[in-house]
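Sequences are here, hints too, so could you generate the full structure?
Quick mapping for you: the protein sequence lines, in order, are chains A and B. Once you know that position 65 of the first sequence is 64 in numbering that gives the first Met the number 0, the rest is easy, because the numbers rise by one and skip nothing. Once you know that position 542 of the second sequence is 541 in numbering that gives the first Met the number 0, the rest is easy, because the numbers rise by one and skip nothing.
If you are wondering where the hints come from, they were derived from the structure by calculation, not from laboratory data.
Some but not every residue of chain B turned toward chain A, in silico, with C-beta under 10 angstroms:
# : residue
1 : Thr18
2 : Glu20
3 : Pro229
4 : Ala311
5 : Pro321
6 : Thr364
Rough simulated footprint, nothing fancy, chain A against chain B, three-plus residues with beta-carbon under 8 angstroms:
# : segment
7 : 297-309
8 : 434-445
The model shown is predicted, which means the values in this text are computed figures rather than measured ones. A virtual CB, placed ideally from N, CA and C, is assigned to each residue, including glycine.
In case you want the letters, here they are:
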Amino acid sequence: MQADLELILVHDGERWIAREGAHEAALVSAGRTLPELDRNLAAELRRRGHFAGACVTVFMGFDFATIPTWLRQYASHYFNRYVTLDLSQPAAEPDDDPGP
Amino acid sequence: MASTDTTAVNRKWYSGMATTEDWWAVWLGLIMFFAGLSSLWGWELTGWFAKTKTWSEFGDFLKPAGKAYQGLGQWGSFIVTYIVWTVLTCIGAWAMKLDLKKFFWGWTVLFLITWAVWIIGHEVHLKALKAPPSITQSEIYGDNVYCKTKVQKCTKEINKELKKMGVEDIRNPDPKSAAEAVSKSKNSIRMSWGLQLGGGASYLLALIVGLIIGNFIKPLAEFLKEAAKPEWFIKTAIVYLGIKVGLMSMKAAGFAFDLALAGAAATFVAYMLFWPLVYAAGRKFFRLPRQWSAVLSSGISICGVSAAIATAGAIRAKPIMPIMVSMLIVIFAMVELVVLPGFYTAVAPDQPIVNGAAMGMTVKTDGADAAAGAILDELMRAKAAVKGVIWEEDWILTASIMTKIWIDMFIGVWAFVLAIIWVYKVERQPGQSTVGASEIWFRFPKFVLGYLLAWFTYTAIAVIAPDLVKAAAAGAKTVQSPMRKMFFMLTFVAMGTVTDFSKLKGMGRLALLYGLALVIIIAPIAYFVAWLFHRGLMPPIVGS
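Pasting the structure below:
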């Protein structure tokens, strides 16, 4: 499946965090649940004016390197997800602070 | 949070080929598989490997596996073995982005501990089985004749000596001639006592040493941690077992096919019973949330840690869930490994294949299952040998691995089904995420590819070019036996090292549910289903 945007997904113990890259201006979004993450991501994309008014397919690949080392020998994959965000809907306030 | 240069995201079908342990088990497996296969062209590329001997005189521990390498001597071949495997595993560790310096030192110490234990386990009083004439004709031979190699070989040697001595009826020699033949036989030895543990002696010892390190010498366990990779080692060993199964299939293709088919059917039936029962118990009696119940059910029902991670990923659970469940799985698997081989041998000594298959469905994690299967194989054959029945080795182990491999392959499919149910039914969100079929591939255990390739290649040689069987078997000999057993030994020591029973503290309800489900649901159903599908299957008798 082709994605318009590719993000790396991790969990910090409390929140799901999706990040475009490591650089300072990178797109970052977070949420306590995945639906909340998606809502906040849509809001952030609207705020930045990316993909204005479009329907966007986002690929979120889980970064398995954040799983403890001793566990990696048993598996090398957690999950990836494709999310479709409709940015034509009115902007909503982010539910959660993306954090540093 | 990890920086981008350390991210491990599976985007493409070939993601992880150079960086995951699963794939590195395939690479280590195939390197030696092809080295062994080169015997078809008359080459001997694996004969440098040091092979353990059953020893009665201190210092006579090893020998090079191949005739062409006898000049190396025992310690020369040991050093070559260390160098070759250190280079190969360090390349793997580097590719997997492990701390290479820590891995190198950890590996070196782990390797030395493993070989020391392996050599001790080959001491004749621990390992040697009684020679068959000493069991069936103890009134002629005495009941104290033990054999330093395969027992049927001792019988042949004794008979040969009797013939040389001109004894006409070698089946009923006089006691004096029998005693002389025994003393002349190269591998027969008289001893006042022997534990008759076979190869199980080394395995049990390795496990005990590993557990002592993991639980009582924690600074050493920490030092070994970077190199103690039981799943990597066992997956590599399983690829080599594919060669063994291929060779066994050359001799007993029908039996191997029956075993594979019965394993598949039993696994499917058992799994369909395990998962819903444990899930229901978790929800109803332990009031666990849906996600916890699902992750725990998969962990205990399917293949332990991999299944717990796969299920947690499929239902998009927070990573803490599979991490906690995995701790339980690893520790309980060790308990099963210690208890079950002896238990099955004691209560069902005449059901070798049923016991093996039940082991594969009961013991979680590939490493613990293969370890338990190997110990069961040794203990059951040793017990049968006492009664004069000599089963061919490794069929019981193969039965335990066969069911486990079917379970492993099923993980991806089950995780995919769960993902569909969760995303589209349980936590349905309008316009939300979709599940790609590629998730099945990412969760497919890749080492199985190496196992199947090895198995089918040797089977194909037997079918297509039977005149090459002897040459193929000659090269495979070292890889499928001593090399594979070294990886079993490494697995046992490493597994003990990483098992810290104190981690069970604070697990409360989860640990209780896991333990109860294991004893009340998993073990009895697994045994019944294994019996249902494998009853009547027996390992071939040596020489039949």
